[in-house]
Amino acid sequence: MNGGGSFTVAVASGKGGTGKTTVAVNLARSMGTRVTLLDCDVEEPNCTLFLYGGIITTREVGIPVPEVDESLCDACGECSRFCAYKAIVSVGSAPLVFPGMCHGCGGCALVCPRGAISEKESRIGTVERSECGSVTLVTGRLDVGMAMAPPLVRAVKECSRAGEPCIIDCPPGTSCPMIAAIRGADMVLLVTEPTPFGLHDLGLAVNAVAEVGIPAGIVVNRTGPEGLDVGAFAKERGIPVLLEIPDDRRAAEAYSRGELLVDAIPGWKSLFELLRERTVAMAGGRMTREFRQGRDRRPE
Amino acid sequence: MRIAFASKGDNRESMLDERFGRAARIVVVDTDSGTVESIDNTAGISAAQGAGIQAAERVANLGVEALVTMHCGPKAFAVLKHAGVEVWSAPSCTVGEALDMHREGRLARLSEADVDTHW
Ligand code: SF4
Ligand code: SF4
Numbered sequence: 013m014n015g016g017g018s019f020t021v022a023v024a025s026g027k028g029g030t031g032k033t034t035v036a037v038n039l040a041r042s043m044g045t046r047v048t049l050l051d052c053d054v055e056e057p058n059c060t061l062f063l064y065g066g067i068i069t070t071r072e073v074g075i076p077v078p079e080v081d082e083s084l085c086d087a088c089g090e091c092s093r094f095c096a097y098k099a100i101v102s103v104g105s106a107p108l109v110f111p112g113m114c115h116g117c118g119g120c121a122l123v124c125p126r127g128a129i130s131e132k133e134s135r136i137g138t139v140e141r142s143e144c145g146s147v148t149l150v151t152g153r154l155d156v157g158m159a160m161a162p163p164l165v166r167a168v169k170e171c172s173r174a175g176e177p178c179i180i181d182c183p184p185g186t187s188c189p190m191i192a193a194i195r196g197a198d199m200v201l202l203v204t205e206p207t208p209f210g211l212h213d214l215g216l217a218v219n220a221v222a223e224v225g226i227p228a229g230i231v232v233n234r235t236g237p238e239g240l241d242v243g244a245f246a247k248e249r250g251i252p253v254l255l256e257i258p259d260d261r262r263a264a265e266a267y268s269r270g271e272l273l274v275d276a277i278p279g280w281k282s283l284f285e286l287l288r289e290r291t292v293a294m295a296g297g298r299m300t301r302e303f304r305q306g307r308d309r310r311p312e
Numbered sequence: 007m008r009i010a011f012a013s014k015g016d017n018r019e020s021m022l023d024e025r026f027g028r029a030a031r032i033v034v035v036d037t038d039s040g041t042v043e044s045i046d047n048t049a050g051i052s053a054a055q056g057a058g059i060q061a062a063e064r065v066a067n068l069g070v071e072a073l074v075t076m077h078c079g080p081k082a083f084a085v086l087k088h089a090g091v092e093v094w095s096a097p098s099c100t101v102g103e104a105l106d107m108h109r110e111g112r113l114a115r116l117s118e119a120d121v122d123t124h125w
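Each protein sequence line maps, in turn, to chains A and B. Yeah, the first sequence ends on 312 if you go by the numbering used here, and it's all consecutive. Yeah, the second sequence ends on 125 if you go by the numbering used here, and it's all consecutive.
Misleading hints may appear alongside valid ones.
As the list claims (entries may be wrong) - Per label pair, the in silico range of CB-to-CB distance:
#  : chain 1 : residue 1 : chain 2 : residue 2 : range
1  : A       : Glu72     : B       : Thr37     : 33 to 39 Å
2  : B       : Asp36     : A       : Arg126    : 30 to 36 Å
3  : B       : Arg8      : A       : Glu248    : 55 to 61 Å
4  : A       : Arg195    : B       : Gly40     : 54 to 60 Å
5  : B       : Arg112    : A       : Glu223    : 50 to 56 Å
6  : A       : Phe209    : B       : Ala49     : 31 to 37 Å
7  : B       : Arg112    : A       : Arg195    : 29 to 35 Å
8  : B       : Gly102    : A       : Arg195    : 41 to 47 Å
9  : B       : Lys14     : A       : Ala264    : 41 to 47 Å
10 : A       : Gly225    : B       : Arg8      : 50 to 56 Å
11 : B       : Ala49     : A       : Pro227    : 38 to 44 Å
Since the hints were derived computationally from the structure, they do not count as laboratory data. The beta-carbon is built from N, C-alpha and C at its ideal position, and this holds for glycine as well.
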């Protein structure tokens, strides 16, 4: 079975450190077809630690930020009162602009009665593309000190290719950057750990995904005898658990060496192929009831 | 001279707030007349971003010459500097004590922000 045509899967988690990137890169490697992996975790992109390939192109991404012509400004403060983000501030003088906080909405230029504000492009980060075997990796990198992740996330997402499956490594959490990353995906894989904190954040992520109206499946990472029963939570919320990844010292070792689990641990290839099959089925809306209720098979 | 204090309360006995952007009130003391007024600063408390800038804007619009605060972030500092408001750093104490220290020249004037962001 191959990756099955064109669909988009977003890999997300309610908090960082759950193994979201691990799932994204191993799933990408297990697709069996050409696939585009979009690293939208722009504040801390680390898919490149696991997939190597020379950077083919790097492109700068910017947003329009205001530029004030002080000779036209009469310090009326309209711009400052308008901006909900406090990115332009006038205190009885020509305004100060904080480009790192500007959302590029263009509103201040519109409300300025003196026409003193024009827009200039201000860099927020870069988008890199590299080829790593069957995986085209596109990485968004937000410049240090920039608060504006969503426009960069959208720029990364523009790099998906028609006719090819696409996997998105989302920013952690459930705020605007994560929403920007999952929007438009066919399904979301929510990666969690079987701990009280993990379950709490999973609950938040489930709510966020439901609000956007995208079907979700759960991947439980580092399961073991001490872990909480994520299955009960999943059942309650009507979301299938698509895979349980056992807690295994070899996985941590592979991670620290920057190796893919599917390459480093015998038998784990089939684990991620199972995830691929279930993901493809769900993204294509072909998941049967029986399949939905099925729990994972452990690797032989 | 009018001096603003980032405070938890509304009078001379109130403690300074360790944060500036999210301080509950701004207390303003007129050193010539001795009057004390205060304004609410909580509008910025729920702001996802820009609480410090908003507080700085508020202080600048009060027409004070100086702000006494425990800490000040870079964006708020930039706004205050732009508006020509001096920023003085104080230890944890009451508004009245900080006022005495300012008068006696025992406070340090900040020439740049003393904390990164999120204050
Ligand atoms: S463009 Fe929008 S967000 Fe940026 S400073 Fe102007 S009003 Fe604020
Ligand atoms: S709205 Fe225009 S004129 Fe008024 S303060 Fe802003 S830049 Fe100056």
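B/Asp36 versus A/Arg126 beta-carbon gap, inside 30 to 36 Å or not:
With Cβ atoms ~34 Å apart, the hint holds.
I want to verify a distance hint. Is the separation of the beta carbons of B/Ala49 and A/Pro227 within 38 to 44 Å?
40 Å, holds
Pairwise beta carbon distance, B/Arg8 to A/Glu248, judged against the given window 55 to 61 Å:
With Cβ atoms ~59 Å apart, the hint holds.
A/Ala264 and B/Lys14 - C-beta distance against the hinted 41 to 47 Å
46 Å, holds
Does the Cβ pair A/Glu72, B/Thr37 satisfy 33 to 39 Å?
Roughly 51 Å apart at Cβ, these two residues miss the hinted range, so it is violated.
In this structure, is the beta-carbon distance linking A/Phe209 and B/Ala49 contained in 31 to 37 Å?
32 Å, holds
So the hint says 50 to 56 Å: do the beta-carbon atoms of B/Arg112 and A/Glu223 match that?
The hinted range 50 to 56 Å holds for B/Arg112 and A/Glu223, with Cβ atoms some 54 Å apart.
Determine whether the Cβ-Cβ distance between A/Gly225 and B/Arg8 falls within the hinted range of 50 to 56 Å.
The hinted range 50 to 56 Å holds for A/Gly225 and B/Arg8, with Cβ atoms some 54 Å apart.
Taking 41 to 47 Å as the stated bounds, is the beta-carbon spacing between B/Gly102 and A/Arg195 within them?
Distance hint for B/Gly102, A/Arg195 is violated at roughly 54 Å.
Return holds or violated for the Cβ distance of B/Arg112 and A/Arg195 against the range 29 to 35 Å.
Cβ of B/Arg112 to Cβ of A/Arg195: about 55 Å, so the range 29 to 35 Å is violated.
Given a hinted range of 54 to 60 Å, is it respected by the beta-carbon distance of A/Arg195 and B/Gly40?
58 Å, holds
Checked against the numbered hints listed earlier, the structure breaks hints 1, 7, 8; every other hint is satisfied.
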